[in-house]
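Asks: Working from the sequences, and respecting the hints, build out all of it.
Here's the letter readout for the chains.
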Amino acid sequence: MELDEKSVKIERLYALHKNVMLYTAERILRDYQLAEDAVQKAFMKVLDNLHKIEEPDCNKTRAFLVIITRNVAITMYNRQKKQAVPIEEIEQMDCAGGFTPFDLVASKESVEAIAQYISQLDKKYADVLTLKFYYQYSDSEIAGLVQTSPENVRVRLHRGKRKLTALLKGDERFNGSQNRR
Amino acid sequence: MDRRTGDEWSGDPLLLAALQRYVERMLGELPCEEELSARYRNTPRLDQMIGELEKARRQQRHGK
Chain A
136 MELDEKSVKI ERLYALHKNV MLYTAERILR DYQLAEDAVQ KAFMKVLDNL
186 HKIEEPDCNK TRAFLVIITR NVAITMYNRQ KKQAVPIEEI EQMDCAGGFT
236 PFDLVASKES VEAIAQYISQ LDKKYADVLT LKFYYQYSDS EIAGLVQTSP
286 ENVRVRLHRG KRKLTALLKG DERFNGSQNR R
Chain B
418 MDRRTGDEWS GDPLLLAALQ RYVERMLGEL PCEEELSARY RNTPRLDQMI
468 GELEKARRQQ RHGK
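Protein sequences appear in the order of chains A and B.
If you read the first sequence in our numbering, its first letter stands for residue 136, the second for the next number, and so on.
If you read the second sequence in our numbering, its first letter stands for residue 418, the second for the next number, and so on.
Don't take each hint at face value.
Keeping only pairs whose Cα atoms sit at most 16 Å apart, straight-line, the calculated EDC-like set for lysine to aspartate or glutamate is [said to hold, decoys possible]: (1) A:Lys195 with B:Glu446; (2) B:Lys472 with A:Glu140; (3) A:Lys141 with B:Glu446; (4) A:Lys259 with A:Glu286; (5) A:Lys216 with A:Glu286.
Just so you know, these hints were derived from the structure itself, not from any lab.
Replies: Here it is, written out as structure tokens:
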């Protein structure tokens with residue numbers, strides 16, 4: 136990508152999504168100036184991943200920027216409150232035995248239901264699942280984006296998958312053998 | 418399974434569709450752009466910070 140093309144892309148991303156980034160940060164930090172600082176930090180992360188953003192003006196990019204800003208703002212909030220960021224111990228990564236709860240025929244209803252369950256997860260789990268499986272970032276890249284270690288990303292992924300699987304298993308639509316492919 | 422990542426969940430079309438829907442819902446819960454534009458009409462400090470960030474990036478690239 137040419138240098139000028141990059142600059143145009145950055146300006147476009149900023150013009151299109153600055154407001155939603157500010158809103159996301161301000162809602163967490165409850166302080167406008169801190170929210171501006173969070174947007175700047177989020178933008179630094181975006182610049183590092185600019186090559187992965189194909190289209191500035193789309194919902195996928197907008198949601199990506201919201202997720203990054205949310206994580207930067209939460210980290211700032213925790214530091215401001217002097218709360219120790221919970222250290223998540225690396226668990227024994229138990230094998231799921233090849234089972235995935237998505238072993239179903241996709242339907243509008245099942246898509247809607249799974250999306251609903253994802254939104255019920257703690258944001259730290261929903262965010263890493265989204266960055267991993269929707270945006271297809273590696274564990275190391277996610278660690279940089281959400282300001283944690285790759286080990287912690289793997290823990291969050293593992294826990295997020297486990298929690299989502301448990302939610303789906305509690306739903307007969309995803310638990311019934313008649314739905315299997 | 419995605420052979421590249423070895424992850425059972427990678428590339429699953431139902432999970433992808435659900436995540437796309439989740440992202441749409443997340444954006445749908447935010448105020449519309451018109452409302453946000455009115456709220457953040459004037460952002461000189463942030464504009465300057467991002468401008469400096471971009472300037473530094475350009476200088477770094479030229480320096481390489």
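Asks: All hints, please: hold or fail.
Replies: Hint check:
1. Simply put, Lys195 of chain A and Glu446 of chain B have alpha-carbon atoms about 15 Å apart, close enough for the 16 Å limit, and the pair holds.
2. In summary, the hint linking Lys472 of chain B to Glu140 of chain A is supported, as the alpha carbons are separated by about 14 Å, within the 16 Å threshold.
3. Under the criterion of a C-alpha separation no larger than 16 Å, the hint pairing Lys141 of chain A with Glu446 of chain B is inconsistent with the structure, at around 30 Å.
4. For the hint linking Lys259 of chain A to Glu286 of chain A, the alpha-carbon distance of about 14 Å falls within 16 Å, and the restraint holds.
5. Between Lys216 of chain A and Glu286 of chain A the alpha-carbon distance is near 24 Å, which puts this suggested pair outside the 16 Å criterion.
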